[in-house]
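Listed here are the chains, written in short residue letters.
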Amino acid sequence: MVLKAEPMLISMGPHHPSTHGVFRMRLVLDGEVIIDAEPMVGYLHRGIEKLAETRTYTQVIPLTDRLDYLGSMTNNWAYVLAVEKLASIKVPERAEYLRVIMGELMRISSHLMAVGFLGNELGCTFTPLLYMFREREKIMDFFEMVCGQRLTYNYMRIGGLSHDIPEEFLPAVKKFVAEMPHYIDEYEQLLSENEIFLARTKGVGILPQELAISSSVTGPVLRASGMRWDLRKADPYSIYDRFEFDIPTGKVSDVYDRYLVRIQEMRQSVRILEQAIKQLPPGEARAKVPLLLRPPVGEAYAHIEAPKGELGFYLVSDGSIAPYRCRIRAPSFTNITALRDMLIGWKIADAVVIFGSIDIVLGEVDR
Amino acid sequence: MGLLAHFQKWLTENGVPHWASYVVPALAGIIVALLFLFAMIIVFIYLERRGLGRFQIRPGPNRAGPFGILQAFADFIKVLTKEDITPTAADMPVHFLAPVVAFFSAIMILAVIPIQRNAFITNLNIGILYVSAISSLGVIAIFMAGFGSCNKYSLIAAMRGVAQLISYEVPVLLAIAGVLLISGSLAMRDIVSSQNIPFILLQPLGFLIFFAGVASELNRSPFDLMEAESEIITGYHIEYSGMKFALFYLGEYGHMVVASAVMTTLYLSGWKGPVLPAALWFIIKMILVFLVFLWLRATMPRIRVDQLMSLAWKFLLPLGLLNLFITAAEVLWQDNMGWKQFPWPFVFLNLGLAAIFIIIGSKLLFKTGGGRVEV
Chain Z
1 MVLKAEPMLI SMGPHHPSTH GVFRMRLVLD GEVIIDAEPM VGYLHRGIEK LAETRTYTQV
61 IPLTDRLDYL GSMTNNWAYV LAVEKLASIK VPERAEYLRV IMGELMRISS HLMAVGFLGN
121 ELGCTFTPLL YMFREREKIM DFFEMVCGQR LTYNYMRIGG LSHDIPEEFL PAVKKFVAEM
181 PHYIDEYEQL LSENEIFLAR TKGVGILPQE LAISSSVTGP VLRASGMRWD LRKADPYSIY
241 DRFEFDIPTG KVSDVYDRYL VRIQEMRQSV RILEQAIKQL PPGEARAKVP LLLRPPVGEA
301 YAHIEAPKGE LGFYLVSDGS IAPYRCRIRA PSFTNITALR DMLIGWKIAD AVVIFGSIDI
361 VLGEVDR
Chain A
1001 MGLLAHFQKW LTENGVPHWA SYVVPALAGI IVALLFLFAM IIVFIYLERR GLGRFQIRPG
1061 PNRAGPFGIL QAFADFIKVL TKEDITPTAA DMPVHFLAPV VAFFSAIMIL AVIPIQRNAF
1121 ITNLNIGILY VSAISSLGVI AIFMAGFGSC NKYSLIAAMR GVAQLISYEV PVLLAIAGVL
1181 LISGSLAMRD IVSSQNIPFI LLQPLGFLIF FAGVASELNR SPFDLMEAES EIITGYHIEY
1241 SGMKFALFYL GEYGHMVVAS AVMTTLYLSG WKGPVLPAAL WFIIKMILVF LVFLWLRATM
1301 PRIRVDQLMS LAWKFLLPLG LLNLFITAAE VLWQDNMGWK QFPWPFVFLN LGLAAIFIII
1361 GSKLLFKTGG GRVEV
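Protein chains in written order, with my numbering: chain Z, 1 to 367; chain A, 1001 to 1375.
To be clear, the hints were calculated from the coordinates, so they are not data collected in a lab. Certain hints may be false.
To be verified - Stretch-level coverage of chain A by chain Z, calculated; a stretch enters the list once three of its residues show a Cβ under 8 angstroms from a Cβ in chain Z:
| # | stretch |
| --- | --- |
| 1 | 1143-1151 |
| 2 | 1215-1226 |
| 3 | 1288-1299 |
Beta carbons are placed, not taken as given, at the ideal position from N, Cα and C, and that holds for glycine.
Using the sequences plus the hints, can you model the full thing?
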């Protein structure tokens, strides 16, 4: 008797616990092995780029919070940077330092979530995730101190920040910065040498460097493939040229390297925070900018190293109070274009792990 | 003679009809066993949820009753009032019977567990054979559920489940054979009485193999591939709701209770222990075994299906054979020297050997990482 066998088509998502929202993977399976994969996006499209055209420049800032909701501060930052470039606004020194402090705190928080959910996708029953939530809570408390929000901060303004920091902020962050390396050691104790963790991540989901570059992958995923590319060094924006820090890179470009790069980036962020707190000058936290800003006719592109990769805003001004066009270069969206090449040949269990190691947020993918 | 046999004799002596003297003790035994099982399931669920909370720096359920001890009852009421949904495309009888099979196989094993000097229902002279036979029934339930639900995720879980059970039955039985060689009996009661030194010390390698195998058969982390929430969304019981789901849940914890009891009997010298009553010792040891399972669940990620297979066939099976060989040699040695029981030096010898074999085995036999298939 000849068995009639055919590949099984499984639609992983949009309702699936491991797809970080409403992402959908159309997998063709031969037993457990993935023989074809197709990422499908668009379930969370809200038309933020189009909405931006109907709002004044300041009113767009809260919209950017909703892109990558695990990195709202950096989204704000990329947008205001683009507007400041468009209107040639000089930002006060103190505001620049505070932006760096917020940005690095946001990076730590976002990487904590990336590593924690990676643990969850590996089947850790929430333990690493909840340990990481403990530190993320503290960072969210800091943000709550400065702007009253815990998820969508809306803190940056064109020409600075909405408020200066309150008194209790700096001592609390100093304490956190002193404790954080110890906590990172704790995560590494739980995961880095765990035999099953190594078995599940080492050599899994390799993304060759050439492929990473040609599909314009950025952020920790690119750095894990051995490419030393970080906009904070490669094209220093704000005041990043004043700080001393390293760019961690990986060698094999597998899931484990992406994990390690994120862990080491958290350590580097702590280093930057230490320096920024030490150098923080007194002064104004916001430049004098008219409420209804009318930038001169023209266009500007500003990009920053967001926790997930290069986040860029391209703005076109027609001289009115609203941008004529706003285009967002979202790192999550660009990074999942390499997903198919990473998935083929691996098992279903690896699919969620590889997907998790890219660390995307659907709010940013679909915009 | 078991308690039930005494009860039956007492009934016949007091003029109860012949047929009733069989039916009444049997029903009594079933009720006692069920009550014990339910009580232990509630204790385990409570320990699991609170313990997991402690591992994860959160309080765990603490609202229903003092310290949350009524949480299991609250969950039960909630699940009872849920709508029972059956998919239209499901294979009705299979889909309906699967949770029943899952639960009843747990109860059946309990019949021969010697909680104190006597078992619940009967001191079967082939106790451990019976246990290993019935415990394999659990996977039929998983296959029925996975196949009958008409869901692709469930089907994957069912295939994983069958492959997993077939693989892990072998090392588990090899580990049990080591115990049987030393105790010289298949009866659960005699295995306990022969443990002057708990077999966990005489059979450390066997214990670890048994533990890994049982964790896999129980579908516990790190071997919980059949319900892998992050991959196949709880797998075989994805299409179950209401009371059917509750039966699966009870069955899972029922198997946990039974497995802890079997492990206590085989390796932790069962009811034996100073001062406290025998049954209490048994329950304490069961809970200790369960806490180790809980600890593993809180710490470990899940392994992948091909790694699961290679762990069973390339690592546990060779070590199980080695363990059996060494045990046989030691038993032969003991017989030749005419010792009444195993002497203490054997404990250190076996612990040393276990450590050496595991280190060598993990370096040579079992490789992790990678695993891509060319397509």
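Against the structure, the hints come out as follows:
1. Remark: the stretch 1143-1151 of chain A is not confirmed as covered by chain Z, as 0 of its residues place a Cβ nearer than 8 angstroms to a Cβ of that chain, below the required three.
2. Here the stretch 1215-1226 of chain A counts 4 residues with a CB under 8 angstroms from a CB of chain Z, which clears the bar of 3, and the coverage holds.
3. Only residues whose beta carbon comes within less than 8 angstroms of a beta carbon in chain Z count, and the stretch 1288-1299 of chain A has 3; three or more means the coverage holds.
Going through the hint list in order, the structure does not satisfy hint 1, though it satisfies all others.
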